[in-house]
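**Student:** Here is how the chains run, residue by residue.
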Amino acid sequence: MKKKLFSIAVLSVSVFVTSVQAAENNKTFSISMKAQQGPMTLQENFKLAKQYPTPSGWLLANACSGCHGTNGASFNTSIPGIAGMNKSEFIAIMQAYKSEKPSKSTVMTIVAEPLSDQEIEKMADYFSKLKATEWKQKNWNEDVTVPLWGKQNGKKADHAEK
Amino acid sequence: MSLYHFGENRTEKRLTMQKNKTPIGYKTMNRRNFLQLSSVLALESILFGSSVHASSLSSDASAFHLVIIGGGIGGATAAKYMRLLNSEVKITVIEPNKEYMFCPGSNEILPGWATVKDQTVTYTTLKNRYKVNFIHTKAEHVNYRKKQVSLENDTVLSYDKLIVSPGVSFDYGAIEGYSRELAEKSFPSAWKLDAQTLLLKKQILSLPKGGRVIISVPKSPYRCPPAPYERATFIVHMLKESNPTAKVTILDANDDFVFDNVYPYYWEKHFNFGKKNASLERVAAKDGGTIVKLNAAKKVLINSEGKEFKGDVLNIIAPEKAARFAFDNDLTEGDWCPVNYKDFSSTKHKDVYVIGDAIISDPMPKTGYVAANQARVVVQAINDELHGKQIGTPFIVNDCIAMVEQDFGMTLSEIFRYNGENKPLKARDYIPGVDKQKFQQKMLGSLAEDWQKTFRQSIFS
Ligand SMILES: Cc1cc2nc3c(=O)[nH]c(=O)nc-3n(C[C@H](O)[C@H](O)[C@H](O)COP(=O)(O)OP(=O)(O)OC[C@H]3O[C@@H](n4cnc5c(N)ncnc54)[C@H](O)[C@@H]3O)c2cc1C
Numbered sequence: 001m002k003k004k005l006f007s008i009a010v011l012s013v014s015v016f017v018t019s020v021q022a023a024e025n026n027k028t029f030s031i032s033m034k035a036q037q038g039p040m041t042l043q044e045n046f047k048l049a050k051q052y053p054t055p056s057g058w059l060l061a062n063a064c065s066g067c068h069g070t071n072g073a074s075f076n077t078s079i080p081g082i083a084g085m086n087k088s089e090f091i092a093i094m095q096a097y098k099s100e101k102p103s104k105s106t107v108m109t110i111v112a113e114p115l116s117d118q119e120i121e122k123m124a125d126y127f128s129k130l131k132a133t134e135w136k137q138k139n140w141n142e143d144v145t146v147p148l149w150g151k152q153n154g155k156k157a158d159h160a161e162k
Numbered sequence: 163m164s165l166y167h168f169g170e171n172r173t174e175k176r177l178t179m180q181k182n183k184t185p186i187g188y189k190t191m192n193r194r195n196f197l198q199l200s201s202v203l204a205l206e207s208i209l210f211g212s213s214v215h216a217s218s219l220s221s222d223a224s225a226f227h228l229v230i231i232g233g234g235i236g237g238a239t240a241a242k243y244m245r246l247l248n249s250e251v252k253i254t255v256i257e258p259n260k261e262y263m264f265c266p267g268s269n270e271i272l273p274g275w276a277t278v279k280d281q282t283v284t285y286t287t288l289k290n291r292y293k294v295n296f297i298h299t300k301a302e303h304v305n306y307r308k309k310q311v312s313l314e315n316d317t318v319l320s321y322d323k324l325i326v327s328p329g330v331s332f333d334y335g336a337i338e339g340y341s342r343e344l345a346e347k348s349f350p351s352a353w354k355l356d357a358q359t360l361l362l363k364k365q366i367l368s369l370p371k372g373g374r375v376i377i378s379v380p381k382s383p384y385r386c387p388p389a390p391y392e393r394a395t396f397i398v399h400m401l402k403e404s405n406p407t408a409k410v411t412i413l414d415a416n417d418d419f420v421f422d423n424v425y426p427y428y429w430e431k432h433f434n435f436g437k438k439n440a441s442l443e444r445v446a447a448k449d450g451g452t453i454v455k456l457n458a459a460k461k462v463l464i465n466s467e468g469k470e471f472k473g474d475v476l477n478i479i480a481p482e483k484a485a486r487f488a489f490d491n492d493l494t495e496g497d498w499c500p501v502n503y504k505d506f507s508s509t510k511h512k513d514v515y516v517i518g519d520a521i522i523s524d525p526m527p528k529t530g531y532v533a534a535n536q537a538r539v540v541v542q543a544i545n546d547e548l549h550g551k552q553i554g555t556p557f558i559v560n561d562c563i564a565m566v567e568q569d570f571g572m573t574l575s576e577i578f579r580y581n582g583e584n585k586p587l588k589a590r591d592y593i594p595g596v597d598k599q600k601f602q603q604k605m606l607g608s609l610a611e612d613w614q615k616t617f618r619q620s621i622f623s
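Protein chains in written order, with my numbering: chain A, 1 to 162; chain B, 163 to 623.
Just chain A, same shape as in the assembly (with noise of 0.2 Å):
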């Protein structure tokens, strides 16, 4: 192994300040808290999303499942669920983190950042198709005995019942 794995070469922005006055006892703090990006660029990055076919809906979406669940379908107090937003919302949405500083939002803007337009209208046309279910089956301690499609009520998702 070259280097470390998590190594960034950091190349850019400095969104913060590297000594910052902290409000409640008034004392100066030597630490560097910038911003880390790299080790590509931006400009890089959008290259190589040209220059290979994007990723299915289908993949793009459940990149996401980490944080929003399966098939955007988690709702919590706070990662709001994706599944079933209407397309033009959801690109909004998107487009409007891409182009804010990293400060204004926790984490969105930064996983925004680095996506294509074209793969933000994969995920858009992906998540806008889903049904805006809950994933309910939130104990994986319990005994499920209902298959995933074993019910053939075509109207409702299956997996928001027990």
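Calculated from the structure, these hints are not laboratory results.
Note that the Cβ used here is the ideal one computed from N, Cα and C, for glycine as well.
Take these hints with a grain of salt, some might be off.
Distance ranges between label pairs, derived from CB positions [what the hints assert, rightly or not]: (1) 39(A) <-> 509(B): 22 to 30 Å; (2) 96(A) <-> 315(B): 30 to 38 Å; (3) 80(A) <-> 316(B): 28 to 36 Å; (4) 489(B) <-> 96(A): 47 to 55 Å; (5) 436(B) <-> 86(A): 46 to 54 Å; (6) 100(A) <-> 402(B): 31 to 39 Å.
Use these hints to put chain B with the ligand onto chain A, whose structure you have.
**Tutor:** Relative to the frame of chain A, chain B with the ligand by itself:
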């Protein structure tokens, strides 16, 4: 076992229901294929609320057998997401344990913010809801020519495709004088949630007044790069009130570390980091942080220059390699498994895919988030191939929302892009520094708690 087969009646019923929706152009298909296709469509419409066109299957999917070795984060994700893509294939996971204990969130056990029970999930939902077969034993040997895996319980399984996600093994012997026995009895590594984690907790809680806890960090790559710094921070929190003169020392075999634009700031502010009376200190590799030897009798760690560090509690995080299974089955090159980054297929054997902590992953870190996303790339590639489609472009994200304390969180986001054949993926990372507005950091703290829940749910429910 016929777990994965649907009753004929059900299939018939579905067939009737789906008839009107059948896309044109499938007239020439035989009945068997038609049944498969209609159930794939049914699945799509149930899940996605619309019928997505599926291409015709190039082989008999119901006879197709996907075998997955390891039911950890990589293996469990592969099983669930393969089923989401394909209702017909037979999926079998080989995993010796009946429950999985999550490492993400396991440092929280030390200060008592989480319990072992909170960290434990069962395979019940994967078995019943996703119709995944589990065989609770160890996989031993793969015959790549015959495409068969033999198991410790003497069963032999045939596979069409094999996904291997066996995690890491700990190389205790890489530190002279250290061993698995010593880790279990006296100097825990605690880099996998098990009895060693509880031993470490017990030792910290009975630390003598003004005592010293040493955490030794191995050279990268190791699983979860930020976790040693998280752990060190949590331990100081544990001791702050009951034992305020205690000290935590990080002996680090690396110079830089992830979140080094956040942690030191927090440490300086709360732990006097960098000062004489600091409750937390760190020795980087360039300053002699690389530990090569343990003197167990004296509780002393020794660095490459012979310098000694004495502690009351020694948390020696052992260096790692791919799991034993990978070495026994010719999947490794050096310490880890080489793969093609288009689909994570092994470069050494055909129809075999390796994912998760066990692979040569640079620049991807060894995290659960990454292992899960690798799993999705693989199952999509397998499903595409099964449908006679060209496999798609991989896309890997690593998002981390971590806690420094319950009111102070931090985040990073990375994506890894395909960069052509025989080349590693290319990374684009972003790690915000500390925000001057405290509410931002507080929000991240609560997000971190929510993330732990959603992440587990996205894999096991
Ligand atoms: C303290 C700590 C904190 C962490 N925090 C985070 C975090 O916040 N976020 C994050 O994304 N990641 C985190 N991680 C990392 C994460 O746990 C791993 O990256 C992830 O578990 C890797 O998944 P895997 O499938 O490769 O391996 P594992 O999850 O370890 O699964 C491997 C499985 O294979 C099985 N196995 C092994 N050999 C065989 C065999 N011969 N036959 C059958 N089965 C076998 C094992 O029993 C095991 O269940 C953390 C890790 C640690 C140690």
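**Student:** Output the indices of the hints that this structure fails to meet, ascending.
**Tutor:** Numbers 2 and 3, in rising order.
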